[in-house]
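Now for the letters of each chain:
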Amino acid sequence: AQKITQTQPGMFVQEKEAVTLDCTYDTSDQSYGLFWYKQPSSGEMIFLIYQGSYDEQNATEGRYSLNFQKARKSANLVISASQLGDSAMYFCAMREYHKAAGNKLTFGGGTRVLVKP
Amino acid sequence: EADIYQTPRYLVIGTGKKITLECSQTMGHDKMYWYQQDPGMELHLIHYSYGVNSTEKGDLSSESTVSRIRTEHFPLTLESARPSHTSQYLCASVGTGTYEQYFGPGTRLTVT
Chain Z
1 AQKITQTQPG
11 MFVQEKEAVT
21 LDCTYDTSDQ
31 SYGLFWYKQP
41 SSGEMIFLIY
51 QGSYDEQNAT
61 EGRYSLNFQK
71 ARKSANLVIS
81 ASQLGDSAMY
91 FCAMREYHKA
101 AGNKLTFGGG
111 TRVLVKP
Chain V
1 EADIYQTPRY
11 LVIGTGKKIT
21 LECSQTMGHD
31 KMYWYQQDPG
41 MELHLIHYSY
51 GVNSTEKGDL
61 SSESTVSRIR
71 TEHFPLTLES
81 ARPSHTSQYL
91 CASVGTGTYE
101 QYFGPGTRLT
111 VT
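So the protein lines, in turn, are chains Z and V.
Under the working numbering, residues 1 to 117 are what the first sequence spells out, in order.
Under the working numbering, residues 1 to 112 are what the second sequence spells out, in order.
It is worth saying that the hints were derived from the structure and are not from the lab.
There could be a bad hint or two in this list.
What the hints assert, rightly or not - Some chain V residues near chain Z, calculated using beta-carbon distances under 10 Å:
id	residue
1	Lys31
2	Tyr48
3	Tyr99
4	Gly104
As the list claims (entries may be wrong) - A few chain Z residues that don't get close to chain V, going by computed Cβ distances all over 12 Å:
id	residue
5	Ser28
6	Gln39
7	Ser42
8	Leu84
9	Gly102
Said to hold, decoys possible - If you want the footprint, here are the derived chain Z segments under chain V, 3+ residues with CB under 8 Å:
id	segment
10	62 to 69
11	104 to 116
Treat the numbers as computed from the prediction; the structure is a model and nothing was measured.
Even glycine gets a Cβ: it sits at the ideal position worked out from N, Cα and C.
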C-alpha cells in the first residue's frame, strides 16, 4: 500500500486565487510528521511547511497552510493568493521513526501546479 | 539558509565510466541522505548516514555506494555507469533536534 498518496497529478490555478493540494497518508505510528516541499523546474527541493502528529494547531508559514485532519489521515496544503512563481511540483512527505534507522522520509508522487496569469 | 552543496549539477557520461557525485554541507549535521528521482516522479531513499563511518542502504536498491569519512562530506560513487542510472540524485542533511531535511540543488546524471 502507498504510504503517501497525492491524487492530483497536475492542476491549473488562476493567479491570486487559492489552491488546495491533496495528500493522504498511511501509518500505524502514533508519532510522525508531514512535510510539504516545492520543486521548481531547476530541481532543488524547497521546504515549505511541517506538521507533527501531536501538533493540535494547523501549521502555517506565510501563504502556506497545512490542513491536518488526523482522523482522515490527510494533510492538504493550501496556497493562498497564488503567484506565478508558485508554478512547480509539490511533494508531500511523511516522517516515520524506525528503530534501526531513525527518522526516514517517504515521498508522494507529487502534484504539478501551473499558475495562469 | 541551508548550506548544502552538490557537484556537478549536470553530468553526461558514457557507459562503463566510474563517477562520483559530491555532496557537502557546512552545518555540522550528523544525518545525511541520498535520494534518486526520475523526472516528474517521487524521491526514493537510496543511502543514508547517521554519522562518520556510518552508512546504510535505503528503501530503493541501488548499485551505487557511499562513504562518510568526514561529517561534512557524503559522496556517492557508481563504479560502472549504465543508462539505467540516468536520473536526478539529491543529497539532504538534518541537524540534531530537528526534522527538516535540507536539500542540495541535485545532480542530473545522464548515462549514454
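_Structure versus earlier hints, numbers of those that do not hold, lowest first_ = Violated hints: 6, 7, 9 and 10; rest satisfied.
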